[in-house]
Each structure stands twice: as structure tokens, then as C-alpha cells.
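Asker: With the hints as constraints, model all of the structure from the sequences given.
Those protein sequences? They're chains B and W, same order as listed.
In case it helps, our numbering puts the first sequence at residues 1 to 113.
In case it helps, our numbering puts the second sequence at residues 114 to 227.
Be careful, since some hints might not be right.
Claimed, not checked - Calculated cross-link-like contacts (lysine-lysine; reagent style DSSO-like; alpha-carbon spacing at most 30 angstroms): (1) W:K170 / B:K108; (2) B:K3 / B:K105; (3) B:K69 / W:K170; (4) B:K105 / W:K122; (5) B:K69 / B:K3; (6) B:K3 / W:K170.
Just so you know, the hints here were simulated from the structure itself, not pulled from any lab data.
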Amino acid sequence: DAKTTQPNSMESNEEEPVHLPCNHSTISGTDYIHWYRQLPSQGPEYVIHGLTSNVNNRMASLAIAEDRKSSTLILHRATLRDAAVYYCILMSYSGAGSYQLTFGKGTKLSVIP
Amino acid sequence: DSGVTQTPKHLITATGQRVTLRCSPRSGDLSVYWYQQSLDQGLQFLIQYYNGEERAKGNILERFSAQQFPDLHSELNLSSLELGDSALYFCASSVGISGTDTQYFGPGTRLTVL
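Answerer: Printed below as a string of C-alpha cells:
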């Protein structure tokens with residue numbers, strides 16, 4: 001079962017910042033917060049991940065609340081190519097030294113030209 | 114291009130049949146994952162292999178089985194197919210099994226059961 005809550009959909013104007021929220025109130029100390037996105041007709045694509053501290057990479061920034069019960073994916077300037085379903089996922093320890101991704105419904109981001 | 118290849122791209126078959134989906138991971142990746150994506154269930158984790166051994170199982174039906182071969186490619190076998198098995202099947206690979214490992218997804222195999 002998905003352990004994250006995201007809005008079903010969001011809209012953004014092109015070249016404006018986008019803040020995609022995610023709640024994960026039952027997160028455990030060993031869970032990593034991962035974000036993936038799925039463009040139409042493609043497989044999911046890694047965006048960013050973090051544990052406790054905020055993270056930046058060339059695609060996005062991840063802001064993690066101090067209590068880790070929520071996080072926000074930030075796209076600094078949305079482009080039409082960023083239109084996708086964005087999944088906030090807790091990478092949880094599944095035993096045997098392994099971690100598992102559990103996908104929820106995600107947020108469908110529409111970018112308006 | 115993620116570096117993960119899946120064959121075939123499309124597969125159309127009839128109920129009761131058996132099919133095999135193939136996945137080649139990125140060079141150097143030891144871990145392979147299988148996922149099913151249907152309209153009503155979203156992306157569901159099925160099973161994970163690491164260096165030839167099964168490591169984690171998700172919502173995989175007993176009619177489905179998988180294996181990872183010594184050359185690290187993996188196959189997902191689906192038998193006694195039902196209409197509800199129609200879905201996109203994704204394979205992903207990662208270097209290891211750490212919580213920080215990125216999973217790289219293939220383009221998927223679209224299975225249609227008639």
C-alpha cells in the first residue's frame with residue numbers, strides 16, 4: 001500500500017516554478033524519499049531522492065520537512081517537457097538487505113504554454 | 114535512453130496462454146525489478162532479483178514467475194493468462210540494493226490478452 005499522499009493533479013505556467021507537495025506521515029527512520037516521474041508512453045524516470053537534508057540536482061530540488069513527514073519537489077522553471085505524472089515514493093527496507101519502491105497514484109502535472 | 118532493454122515491445126495473446134517477457138539490465142547493474150502498470154491499479158511492484166537471487170516479492174500472482182540468469186538478464190513468465198493481466202510490464206535495474214540506488218526503467222512491454 002502506498003504510504004504517501006499527493007494531489008491528483010496540478011497546473012503550472014511555462015517557465016514558472018512548481019512546488020509539488022507530498023505527505024508521508026508514517027515515514028520510518030530508514031525510509032528514503034524518492035521522486036520519479038513518468039512522461040506519457042514512457043517508463044518512470046528518477047528525479048531526486050533524500051533522507052533528511054534538502055537536496056539539489058540538475059533536474060530539481062527536494063525540500064524535506066524537519067520532522068520528515070512531508071516533502072516538496074521543486075521544479076525551478078517548468079517547461080512543456082516537464083508535463084508528466086510525478087510520484088513521491090518511500091523507499092522502504094523490505095528485508096534480505098533490500099529496499100523496495102512502492103508507487104502511489106502520483107500527481108499529474110500539466111504545463112500551460 | 115535508460116540503458117535497460119525490454120522485449121518484445123508489444124504482445125497480443127489469448128486467454129489461457131503463456132508468455133515470456135525479457136529484460137536486459139544496464140551494464141554493471143546487478144539488481145532487476147519487475148513492475149506491472151494497469152489503468153486501475155497503477156504501478157505495482159512484482160519481484161526483485163539481485164545477482165541471480167530473489168530478494169523481494171510484491172504483489173506477484175502465483176501464475177507469474179521470474180528468474181535472473183548468470184548473464185544478469187531476467188525473464189518474467191506469465192501463464193494461464195486472463196483478461197485482467199493486460200497491462201504494461203516494466204523492468205528496472207539498479208547497481209545494488211541500497212535505499213539510495215536509482216532504479217532505471219525500461220520502455221516496457223505492452224501485453225494485451227484477448
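Asker: Taking the hints in turn, state whether each one holds.
Answerer: Cross-check of the supplied hints:
1. A threshold of 30 angstroms between alpha carbons decides the hint, and for K170 of chain W with K108 of chain B the separation of about 28 angstroms falls inside it, so the pair holds.
2. With a CA separation close to 11 angstroms, the supplied pair K3 of chain B and K105 of chain B stays within the 30 angstroms bound.
3. At roughly 26 angstroms between alpha-carbon atoms, K69 of chain B and K170 of chain W fall within 30 angstroms of each other, so this suggested pair holds.
4. Restraint check for K105 of chain B and K122 of chain W: the C-alpha separation of about 24 angstroms stays at or below 30 angstroms, so the hint holds.
5. Distance restraint check for K69 of chain B and K3 of chain B: the Cα-Cα separation of roughly 11 angstroms lies within the 30 angstroms cut-off, and the hinted pair is therefore satisfied.
6. At roughly 18 angstroms between alpha-carbon atoms, K3 of chain B and K170 of chain W fall within 30 angstroms of each other, so this suggested pair holds.
In this structure, none of the earlier numbered hints is contradicted; all agree with it.
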